[in-house]
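Following the hints, position chains B, C and D against chain A.
Residue numbers (my numbering), protein chains in the order written: chain A, 1 to 423; chain B, 1 to 423; chain C, 1 to 423; chain D, 1 to 423.
These are computed hints drawn from the structure, not numbers from a lab. There may be inaccurate statements among the hints.
[Stated by the list, open to error] Chain A is faced by these chain D residues, among others (derived, beta-carbon under 10 Å):
| # | residue |
| --- | --- |
| 1 | Asp209 |
| 2 | Ala213 |
| 3 | Asp421 |
From the three backbone atoms N, C-alpha and C, an ideal C-beta is built for every residue, glycine too.
4 protein chains.
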Amino acid sequence: MTPLPPDLTARFLTVRARTEALLEGLLLEDMGLQSEPDVSPPRWHLGHTTWFFETFVLLPYLRGAVPFDARFGFVFNSYYEAEGPRQPRARRGDLSRPDQATVLAWRAATTEAVVGLLRGLDDDDPDAATVRARVALGIEHECQHQELLVMDTKANLAAQPLQPAWRTAAPRSPTRGPETAWVEVDGGIVAIGHAGGGFCFDNELPRHDVLLAPFALASRCVTAGEWAAFLDDGGYRDPRWWLSDGWAWVQAGDVQAPRYWSRDGEGGWLVYTPHGVEPVAPDDPVVHVSGYEAEAFAAWSGARLPTEHEWEHAAAGRDRSGDGTWLDGDRWHPAPPTAGPGVRGMLGTVWEWTRSAYLPYPGYRPAPGALGEYNGKFMSGQWVLRGGCCVSPRDHVRRTYRNFFHPHQRWPFCGLRLARDLT
Amino acid sequence: MTPLPPDLTARFLTVRARTEALLEGLLLEDMGLQSEPDVSPPRWHLGHTTWFFETFVLLPYLRGAVPFDARFGFVFNSYYEAEGPRQPRARRGDLSRPDQATVLAWRAATTEAVVGLLRGLDDDDPDAATVRARVALGIEHECQHQELLVMDTKANLAAQPLQPAWRTAAPRSPTRGPETAWVEVDGGIVAIGHAGGGFCFDNELPRHDVLLAPFALASRCVTAGEWAAFLDDGGYRDPRWWLSDGWAWVQAGDVQAPRYWSRDGEGGWLVYTPHGVEPVAPDDPVVHVSGYEAEAFAAWSGARLPTEHEWEHAAAGRDRSGDGTWLDGDRWHPAPPTAGPGVRGMLGTVWEWTRSAYLPYPGYRPAPGALGEYNGKFMSGQWVLRGGCCVSPRDHVRRTYRNFFHPHQRWPFCGLRLARDLT
Amino acid sequence: MTPLPPDLTARFLTVRARTEALLEGLLLEDMGLQSEPDVSPPRWHLGHTTWFFETFVLLPYLRGAVPFDARFGFVFNSYYEAEGPRQPRARRGDLSRPDQATVLAWRAATTEAVVGLLRGLDDDDPDAATVRARVALGIEHECQHQELLVMDTKANLAAQPLQPAWRTAAPRSPTRGPETAWVEVDGGIVAIGHAGGGFCFDNELPRHDVLLAPFALASRCVTAGEWAAFLDDGGYRDPRWWLSDGWAWVQAGDVQAPRYWSRDGEGGWLVYTPHGVEPVAPDDPVVHVSGYEAEAFAAWSGARLPTEHEWEHAAAGRDRSGDGTWLDGDRWHPAPPTAGPGVRGMLGTVWEWTRSAYLPYPGYRPAPGALGEYNGKFMSGQWVLRGGCCVSPRDHVRRTYRNFFHPHQRWPFCGLRLARDLT
Amino acid sequence: MTPLPPDLTARFLTVRARTEALLEGLLLEDMGLQSEPDVSPPRWHLGHTTWFFETFVLLPYLRGAVPFDARFGFVFNSYYEAEGPRQPRARRGDLSRPDQATVLAWRAATTEAVVGLLRGLDDDDPDAATVRARVALGIEHECQHQELLVMDTKANLAAQPLQPAWRTAAPRSPTRGPETAWVEVDGGIVAIGHAGGGFCFDNELPRHDVLLAPFALASRCVTAGEWAAFLDDGGYRDPRWWLSDGWAWVQAGDVQAPRYWSRDGEGGWLVYTPHGVEPVAPDDPVVHVSGYEAEAFAAWSGARLPTEHEWEHAAAGRDRSGDGTWLDGDRWHPAPPTAGPGVRGMLGTVWEWTRSAYLPYPGYRPAPGALGEYNGKFMSGQWVLRGGCCVSPRDHVRRTYRNFFHPHQRWPFCGLRLARDLT
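Excised from the complex, chain A in its bound form (with noise of 0.2 Å):
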């Protein structure tokens, strides 16, 4: 977690202001909106996020410091057993108070005084790598609720009768890419892990070596058209497809298609987006599917997932984003920094669900502390997904993210990749 970005303070005051700005398009009715246990409205992302800064950089490291309502740890604290009893997760659509306009007070308050702390930090202040190490992770954690923000609402506004968008369309025009191809990767010692260079978080950590044997990636993610297939063959009604839990899920959940398509009762499918209900696109990667979904449709396909090793392995030289830039360490660049073949889109397309759970690394190490619960804890039942997703902002996507959900959630921007064993 050590090198910081070289302008801190102009980094957390853009990141500040971007959580305000994904508001446009939503009503002041949307804000307080939880419409199944797993999402948080609006309005809780925006004090969680402000909270955070205050408990854990203002009240231990600005003097005189004083939470600004003493009662916004419970409403906020999000699941930080070390900082004391919350609201309970699954009621957050409960709360009207503080309202908008407090919760909106308290960011510009908040965002002052980290600004200002940060301004008058002294080098020789023992407590100053400390403070902006905490900055740093405050705008990272900031910068995972801006899509958890975007993500939720999604799931909000879906659950409307009324089906509402809430952003102007972009124009879309129809893109027809090249048929999937599989590309083979050497096996062999792997370094996995971030190297350093940047922000990460602990769980990415240590970097470690890791044996591979060689195999093929596909070049791009699966398909909504591809999935359409699945469909079409009966994929939702043919067991041996399964898991045993995902089999389960599908029965109990009558769950019939990817999260938001609905059919157009003429035999095609229509998918809910940001721009409201639209027909599904089918050269686009298919989204909002669970990680049982993306095991049954791998089975199906005769292929597999990758593990979250060959993931990252693979990305490394060909981490090229959806927009046909290519990452090389953080930064972005034009064209490929070393000729790997070409695999598409694996960095902020879609977030890949792979065959690995998520677990600790060798060697692995919680920071000590409240914050030692940010990572951690949750390594249990849950499954790594790499890449990034459109949502996702920009500068927080890099090869050696290990995102993770459990495996029937569908909510994130969740799509897969296929892998392939050689021989």
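Same frame as chain A, but now just chains B, C and D:
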């Protein structure tokens, strides 16, 4: 359901305006809250009472009428199976759309259209009587929702960790009333049910004779102070006093006191009110107790709850409201119409649990069509409450009114009055 | 509860033996089954009826009595809070110990001890009357469990994929009775409740007057054939006929027909019986329908269920059992005691749902102590059934007997008889 | 899955007889118990292991074979979707039919038929190898159910309020072993998975290389005494030590100690065993702890659980069983085959939780057809346990065996051994 208010249009406009006046003190953020399945968001009440007039008055009887928005039927139908599918009751809190401004605009347009329809009614029109009867029913329906709006709001705001006040506190002079006395009431063959001379619901009919034994009724409702004595005596921990279902309810919910009560840390009790958290006032009638609690208290007291027949009979000629006025038929007087013994506050203080199941009167006939669902289909598993409460619209309170809730429910303003057998 | 059977000891021995005789046709493997929370295993019934005599008769009144096994109180207490903690009702199927041989040995020892106590009773003994009254109560209690044992066994064996028969089929001659007729019954002030002259439960007292309007009652119960017409008319898919709770119950459980009915694949119906699966006999009374189904059928028929008062009044002088004998007071005769109109089979055919909630009679007093839990604490949420069924012990059936179940329950042998208002 | 035991028929008969021998000490009343959804009744295990041979060996390969009873497929299929519908897993305790005598007769007939089929096999028969492989699989399958039968029985009998013993107590000499030591284990590229030379399941294949860092492993399992120290230190009340899911599990179930432990009233602990309730023996390995508890204990200890790769690597050459013999390949020796450091009791003591998710080995291929459901479809949400326990059939224990359970489950005989990073 025959006689109509003298000036239907005036009453319609008054009631519609009163609904909106009830929103005073609430924030826009509060308008969508549903903190438990039994309650509905304020905005939903605004829309539902509008949907009622649009669906049952305007669309069938106003030439050329079209729905304000055809999708609102799904959103705002409460439980009318004959009117088609609808938003699940427990998911009304998911609704942010239509937004507040749209709902208010719909209210205004609907109010105006109903007034226009009423004004244009020709007495020769074969539908005139039906239209007026339906408007009258819609008015009473909206009165019921006014009370619901207040009790639901209390539950919603009590669920806030910030426990906000939303009404300006009326200055409270501590009152110390006369002690409770037992008033003996004659038995015999008595007439039960509405006698005409004003609006009533179908469930108050037909008026019919019932044979009652003489009994004694308490001169006032059970007070908070008396309830505290029940608590001090371990009443919530002793199964002897409880119905079997009630005891299961106490244990499953770890119920320890009336709803909204909490310990003050020094042996006393606090209570959440629209004015915020206050000490319990011992002479106030206890309120927000379930039917199970009412039964247990009565058993502990060596008394019982009255039946609804006893209650209605006792209230005849003794219908003094909480503020000292008396009800005769459906008008209020400063002095008792007849010289009955002093039973205080039977109307408009708290809803009083009776020991009567909510069942049809002999010869009961529900209305035809969807409006037949108004009362009759709920005649199982509920108990009758009588008398009206502090937030019941004054012109909505009458001796024959049959309110009904499940015996575990206590978010209404419900209390109790004891009865006793003679001999 | 005063008068006692002429020879208490003989009746005691007869009833104890009859319980064990009911096990005929069952295997030891069947003795522990509890296929749903409402039913109890046969072995548990054997033990519980023994615990009742040990707890309420032997331990308090037999000098030097000690429990057969002190741990059995936990195992076999049903719901008596005053007697301490107990095996949860829904977990009775977990019990394999005490085993069958031990339970039978306990039964034998308890039976012998009670007989010894009764024989040694001196009329001068101040406890003599109490002992005899408790034995008499225990006998009636065991009669109730005999019926439960049969209806529970039917549920348990119907839950077997092998659908076994456990009774030798009595030869069945298809019967074709007279058509249903409406019998007019006078109203007026009638006495309700037990008049003395035999055992009754506390809930049948006190006898009191009730005012009834005249009504008509069907001369026989609704038949399976009539029910099939309701099914053919889509009765289970039309919310118009159903109480709101009933409609929710139908949808939640996907209820499509009476319990134990299944399609025969050719448009007809089969039914599981103690003799195995058989075609439904159209002239038999329909049985195993819930109160909700009974209400819906009555609504569809344009009729209603009788109240328990109407039923009891109508049965006076018309109490012909299913086999053609007649009940006068509590004795059976081959001819009607009075010349009432022909209402068939009101006693001992099926339990008939009434439209009365199970509530205390005016002036009701439960017994003191633990035995006061016998009836009174269940007086919420249940409906009254009258008449007794084919598996009710013949000496247990009487006109004033108030059986009660929740309106969704249908594993008892419950059916219905229609009523109608006159005028 | 290739090599077969030298004398397949003899092993088949031995294993079949051993299953029935495990019933010793149980009553017929115990045979149908299912006290929680995870366990199955003993009789069901008897039938299911028979169904396996009938379904996968006799019906496809014995000319003219017909099912013993065609309805048994529904009753005794466990989870094979390809074999059709079945009794729901959680409802196996509802089964009294087929009865015990019938199931035992079916067992005998099936055993005899399999022996006849094996004896008549001609090596030239193209199916011979498949038949033998399936019988070998059926034998291992029945070995697994032997262990399940014992652990399920323990749960079933512990659920009896009478807490019966069902095994004669072996005389216990209190043992006091050497203190736990840390044994350092080399890293490097190591081969994981079964090497041939005996039966293995598909999930132990393919053998493949893995890169391990050096680590330290505890010389023995965590003891009950060490666990008591964790309890004394408030380990179950401190969220610091727990995974988030584990903490939720502790709170939801009010978990306070290992399963089957209870307070002795004087500060010590008792434990339910097959010999009845006994004091906890501090030097015994702790058993019946969940994966969550194991993780929490490891965190509290400042250590961690080993991965399944580390465990398998460490056990090579150190596979001493609990009784002092050593495993080499799949044979047992009185002395260690190689001079590894002393790691005690890695085989046949308790199942040891590892920090590895149950996932396919690289290149894993499930068997074709219904038997492909044996292992692969459970590869989500479960953790791997290694080593075998005291009730695992001795010939069923091997270094590469991958057992798996959900991290909240603890009715198996599961404990843990700590590991530690070096450096």
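Could you check if Asp421/D really has its C-beta closer than 10 Å to a C-beta on chain A? holds, 5 Å
Is the interface hint for Ala213/D satisfied, with its Cβ closer than 10 Å to some Cβ of chain A? holds, 6 Å
Interface hint compliance - Asp209/D to chain A, C-beta minimum distance less than 10 Å: holds, 6 Å
In terms of the numbered hints stated before, the structure departs from none.
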